[in-house]
Amino acid sequence: MNIIVLLSAGRDPHAGTPRPVPVELQAIALALRLAPATTITGLHAGEPDPSVLDALGHGLTTLTLLLTNPANDPLAALAAEIDRARPDLVLAGRRGRGGTDSGLLPYRLARARAMPIAADAIAIEPDGNDLAILQSLPRGARRRLTLARPAIVTIHEAAPPARAFAYRARRNGTIHEKPGIPAPSPTDNHEIRPYRQRPRLIAETTQPTTAGHLMLAPTPETAAAAVLAYVEQFRRR
Amino acid sequence: MIRRDPRAERDAMVVSRTPRLRLDRTHRGGTLLAPAGAPVTAPTPIHIAEPTFLEFAVIEAAGGALNRHDRQVIGAARTLAGRDAAVVVLTPPLAAQAPDAIGTAGGDRTITLPTPTYDPERNAQLIAQAIIDHAPRHVVFPESADGGDLARRVAALTDAVLFAGAESLTPTQVIRPAQAGRVELRATPPRLISIAPDRIAPYHGTPHAADPLPAPDVAATPGGIRAATTLAVDAATIPLDQAPLVIAAGNGVTDFAGFLDLARALGATPGASRVVCDAGALPRALQVGASGTVLNAECYIALGISGAPQHLQGIGTVEHIVAINTDLHAAIIARAGLAIIADAQDVMQALRAML
Ligand SMILES: Cc1cc2nc3c(=O)[nH]c(=O)nc-3n(C[C@H](O)[C@H](O)[C@H](O)COP(=O)(O)OP(=O)(O)OC[C@H]3O[C@@H](n4cnc5c(N)ncnc54)[C@H](O)[C@@H]3O)c2cc1C
Ligand SMILES: Nc1ncnc2c1ncn2[C@@H]1O[C@H](COP(=O)(O)O)[C@@H](O)[C@H]1O
Numbered sequence: 003m004n005i006i007v008l009l010s011a012g013r014d015p016h017a018g019t020p021r022p023v024p025v026e027l028q029a030i031a032l033a034l035r036l037a038p039a040t041t042i043t044g045l046h047a048g049e050p051d052p053s054v055l056d057a058l059g060h061g062l063t064t065l066t067l068l069l070t071n072p073a074n075d076p077l078a079a080l081a082a083e084i085d086r087a088r089p090d091l092v093l094a095g096r097r098g099r100g101g102t103d104s105g106l107l108p109y110r111l112a113r114a115r116a117m118p119i120a121a122d123a124i125a126i127e128p129d130g131n132d133l134a135i136l137q138s139l140p141r142g143a144r145r146r147l148t149l150a151r152p153a154i155v156t157i158h159e160a161a162p163p164a165r166a167f168a169y170r171a172r173r174n175g176t177i178h179e180k181p182g183i184p185a186p187s188p189t190d191n192h193e194i195r196p197y198r199q200r201p202r203l204i205a206e207t208t209q210p211t212t213a214g215h216l217m218l219a220p221t222p223e224t225a226a227a228a229v230l231a232y233v234e235q236f237r238r239r
Numbered sequence: 314m315i316r317r318d319p320r321a322e323r324d325a326m327v328v329s330r331t332p333r334l335r336l337d338r339t340h341r342g343g344t345l346l347a348p349a350g351a352p353v354t355a356p357t358p359i360h361i362a363e364p365t366f367l368e369f370a371v372i373e374a375a376g377g378a379l380n381r382h383d384r385q386v387i388g389a390a391r392t393l394a395g396r397d398a399a400v401v402v403l404t405p406p407l408a409a410q411a412p413d414a415i416g417t418a419g420g421d422r423t424i425t426l427p428t429p430t431y432d433p434e435r436n437a438q439l440i441a442q443a444i445i446d447h448a449p450r451h452v453v454f455p456e457s458a459d460g461g462d463l464a465r466r467v468a469a470l471t472d473a474v475l476f477a478g479a480e481s482l483t484p485t486q487v488i489r490p491a492q493a494g495r496v497e498l499r500a501t502p503p504r505l506i507s508i509a510p511d512r513i514a515p516y517h518g519t520p521h522a523a524d525p526l527p528a529p530d531v532a533a534t535p536g537g538i539r540a541a542t543t544l545a546v547d548a549a550t551i552p553l554d555q556a557p558l559v560i561a562a563g564n565g566v567t568d569f570a571g572f573l574d575l576a577r578a579l580g581a582t583p584g585a586s587r588v589v590c591d592a593g594a595l596p597r598a599l600q601v602g603a604s605g606t607v608l609n610a611e612c613y614i615a616l617g618i619s620g621a622p623q624h625l626q627g628i629g630t631v632e633h634i635v636a637i638n639t640d641l642h643a644a645i646i647a648r649a650g651l652a653i654i655a656d657a658q659d660v661m662q663a664l665r666a667m668l
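If you're matching them up, the sequences are chains G and U in order.
So the mapping is simple: the working numbering equals the position in the first sequence, first residue as 1, plus 2.
So the mapping is simple: the working numbering equals the position in the second sequence, first residue as 1, plus 313.
Read the hints as simulated data drawn from the structure, not as lab findings.
In this text, all values refer to a predicted model and were calculated from it rather than measured experimentally.
A hint or two may mislead.
As the list claims (entries may be wrong) - Each pair of labels, with its calculated beta carbon distance range:
id : chain 1 : residue 1 : chain 2 : residue 2 : range
1  : U       : Pro332    : G       : Gln199    : 48 to 58 Å
2  : G       : Phe167    : U       : Asp554    : 29 to 39 Å
3  : G       : Glu127    : U       : Gly536    : 18 to 28 Å
4  : U       : Thr339    : G       : Pro188    : 54 to 64 Å
5  : G       : Ala150    : U       : Thr567    : 50 to 60 Å
6  : G       : Glu127    : U       : Pro535    : 14 to 24 Å
7  : U       : Arg450    : G       : Ala150    : 30 to 40 Å
8  : U       : Thr542    : G       : Glu159    : 15 to 25 Å
9  : G       : Met217    : U       : Gly629    : 19 to 29 Å
10 : G       : Glu223    : U       : Asp446    : 49 to 59 Å
11 : U       : Arg597    : G       : Tyr169    : 39 to 49 Å
12 : G       : Phe167    : U       : Asp472    : 34 to 44 Å
Ideal Cβ positions, reconstructed from N, Cα and C, are used throughout, including at glycine.
With the sequences and hints as input, model every part of the structure.
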């Protein structure tokens with residue numbers, strides 16, 4: 003199976019220095035469970051950012067760099083490279099960490115290449131001509147999806163951990179540099195400010211909520227039936 | 314920030330001024346009981362018949378009921394709509410018991426997305442079509458797992474930028490973190506916005522009247538997601554702070570083996586009050602409360618728990634509480650959506666027998 007792992011230029015949340023995005027390293031680890039290392043390529047559109055090159059130390063052996071201005075929209079360059087390489091599977095992080103961090107790029111790529119996309123995978127297996135994906139949902143829930151190939155899958159933080167960094171592998175990794183396709187990024191008239199922590203909504207602990215239903219000294223059976231009926235109403239199916 | 318208004322607070326405490334001034338200092342906000350005889354009338358719902366423009370709120374409504382995040386999404390759309398515009402809520406089919414939930418949360422219209430199973434590709438198509446049909450100014454999504462996925466699908470489909478995970482929202486400005494959370498982006502609200510949980514207040518005003526609108530009509534195209542099944546998770550293995558349904562034992566419970574057995578049969582994650590953990594009857598890891606675990610559950614069943622403030626802190630965000638207690642005046646009774654004044658042991662046995 004031919005796998006492309008999309009790598010973005012990550013930044014450390016505290017120091018702001020280049021650092022790989024953890025979910026993208028987890029994507030590499032998942033890819034290595036699926037296929038031999040020689041069939042897995044890292045792909046980045048932008049500059050040879052140290053954070054991207056460091057992915058070579060985490061189990062990746064080849065990396066393709068599409069050289070463009072990092073301020074550009076990477077979509078066109080990535081789409082063209084995917085057309086050329088024809089991978090069976092494209093892995094991405096669920097959110098980047100260091101750019102706009104909107105997690106939108108994989109979806110735009112899926113749309114541009116008419117590939118199906120599934121989010122938040124923690125395990126991937128081939129299933130005949132399809133892919134079996136295990137999705138992580140909130141509250142410990144899991145969903146199993148069958149996805150047609152080729153597909154784009156984004157990886158969740160609950161996926162197996164990334165491989166440890168090895169300096170020798172980082173040095174010996176192969177890097178292919180190609181010119182990318184310059185494309186202006188969608189106009190964003192954002193104002194950028196240092197992040198300010200805002201309070202979350204306070205829990206309504208002391209406020210009596212809207213008058214509930216009160217049962218005074220019911221028989222245990224009526225009480226139990228009422229509890230079951232109430233609970234079923236709010237239980238997720 | 315909300316500033317205190319001491320005069321208004323004092324006025325709210327006045328029970329009577331003649332023959333002498335009487336204050337009720339235990340009163341915790343809200344309105345005093347209306348004097349006997351005064352008719353209590355429900356406010357007439359606000360009806361926006363001819364909206365100046367439309368706002369969309371796309372909610373998840375998992376299990377057919379609105380959760381906190383869903384109400385915040387409708388609240389955000391309400392904020393953007395103001396008084397003259399209508400909020401159109403796009404929702405999967407709702408359970409029968411919650412018909413006016415949309416109006417109470419601030420929605421003026423509902424569009425029910427007729428998707429029987431998990432099919433985000435189809436839902437995105439339907440929403441994209443609804444956007445073309447109704448041309449809303451904004452579309453607000455919850456930045457949750459499935460809600461965020463749907464928002465991105467719609468963004469890709471309509472070739473629009475998504476303002477993902479907004480933490481602050483007014484009609485003129487939205488703010489969200491970026492660059493690994495080191496900066497924040499401020500912009501005038503773009504068309505597609507997803508809001509982070511517990512950041513934007515739900516609507517608490519006079520309920521609106523929510524009228525149904527027809528579902529968008531677009532031919533289904535086969536998608537790439539061939540099959541989807543939600544896997545059953547063992548409630549006992551879910552960490553307490555993530556569990557959707559928690560059943561907890563307090564000092565009013567004596568049969569703890571029976572309690573754990575009931576939790577297993579009910580598919581609920583077991584919890585306990587501090588007194589029970591202190592006594593060693595249940596492990597410390599099960600303690601719910603300020604010095605234990607703060608829950609994120611949807612539903613909480615409290616057996617023989619008085620509802621001390623430290624315990625209530627642990628269930629502050631839980632919306633649906635069942636309390637079974639012999640004491641009508643226990644604090645937990647005031648917090649409960651279903652309060653049962655009965656012996657916890659008897660109800661536990663009856664419950665176990667029914668499962
Ligand atoms: C610093 C600090 C931190 C704390 N942190 C926590 C915390 O994290 N979590 C926590 O839970 N507590 C905490 N506490 C303790 C808290 O104040 C209460 O003491 C405790 O929550 C009371 O537990 P309870 O409701 O089970 O017991 P009780 O207060 O003894 O209440 C028992 C209840 O059961 C009812 N009952 C009795 N018999 C029956 C029966 N047969 N059937 C039905 N009902 C019956 C009674 O009417 C009563 O309401 C903390 C206290 C302090 C000082
Ligand atoms: N310039 C890029 N080159 C390659 N992959 C990228 C690039 N930007 C984003 N990605 C991928 O898309 C995911 C989501 O990024 P974002 O949409 O920026 O949050 C990242 O985790 C990467 O896998």
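(request) Given the range 48 to 58 Å, decide if the beta-carbon distance of proline 332 (chain U) to glutamine 199 (chain G) lies inside it. (result) The hinted range 48 to 58 Å holds for proline 332 (chain U) and glutamine 199 (chain G), with Cβ atoms some 52 Å apart.
(message) Between the beta carbons of arginine 450 (chain U) and alanine 150 (chain G), is the distance compatible with 30 to 40 Å?
(response) holds (36 Å)
(request) For alanine 150 (chain G) and threonine 567 (chain U), compare the CB-CB distance with the range 50 to 60 Å and indicate the outcome. (result) With Cβ atoms ~56 Å apart, the hint holds.
(request) Given the range 19 to 29 Å, decide if the beta-carbon distance of methionine 217 (chain G) to glycine 629 (chain U) lies inside it. (result) holds (25 Å)
(request) Given the hint of 18 to 28 Å, check if glutamate 127 (chain G) and glycine 536 (chain U) actually sit that far apart at their C-beta atoms. (result) holds (20 Å)
(request) State, for the Cβ atoms of glutamate 127 (chain G) and proline 535 (chain U), whether the hinted interval 14 to 24 Å holds or is violated. (result) holds (23 Å)
(request) Starting from the range 54 to 64 Å, see whether the pair threonine 339 (chain U) and proline 188 (chain G) falls in it by beta-carbon distance. (result) Check passed, 56 Å falls within 54 to 64 Å.
(request) State, for the Cβ atoms of phenylalanine 167 (chain G) and aspartate 472 (chain U), whether the hinted interval 34 to 44 Å holds or is violated. (result) Given range 34 to 44 Å: holds, Cβ gap about 38 Å.
(message) Quick check on a hinted range of 29 to 39 Å for phenylalanine 167 (chain G) and aspartate 554 (chain U), using CB atoms only.
(response) Once the Cβ atoms are compared, 31 Å apart, the range 29 to 39 Å for aspartate 554 (chain U) and phenylalanine 167 (chain G) holds.
(request) Indicate whether the distance between the beta carbons of glutamate 223 (chain G) and aspartate 446 (chain U) respects the range 49 to 59 Å. (result) holds (51 Å)
(request) Using the Cβ atoms, figure out if arginine 597 (chain U) sits within 39 to 49 Å of tyrosine 169 (chain G). (result) Check passed, 43 Å falls within 39 to 49 Å.
(request) Indicate whether the distance between the beta carbons of threonine 542 (chain U) and glutamate 159 (chain G) respects the range 15 to 25 Å. (result) holds (23 Å)
Checked against the numbered hints given earlier, the structure satisfies every one of them.
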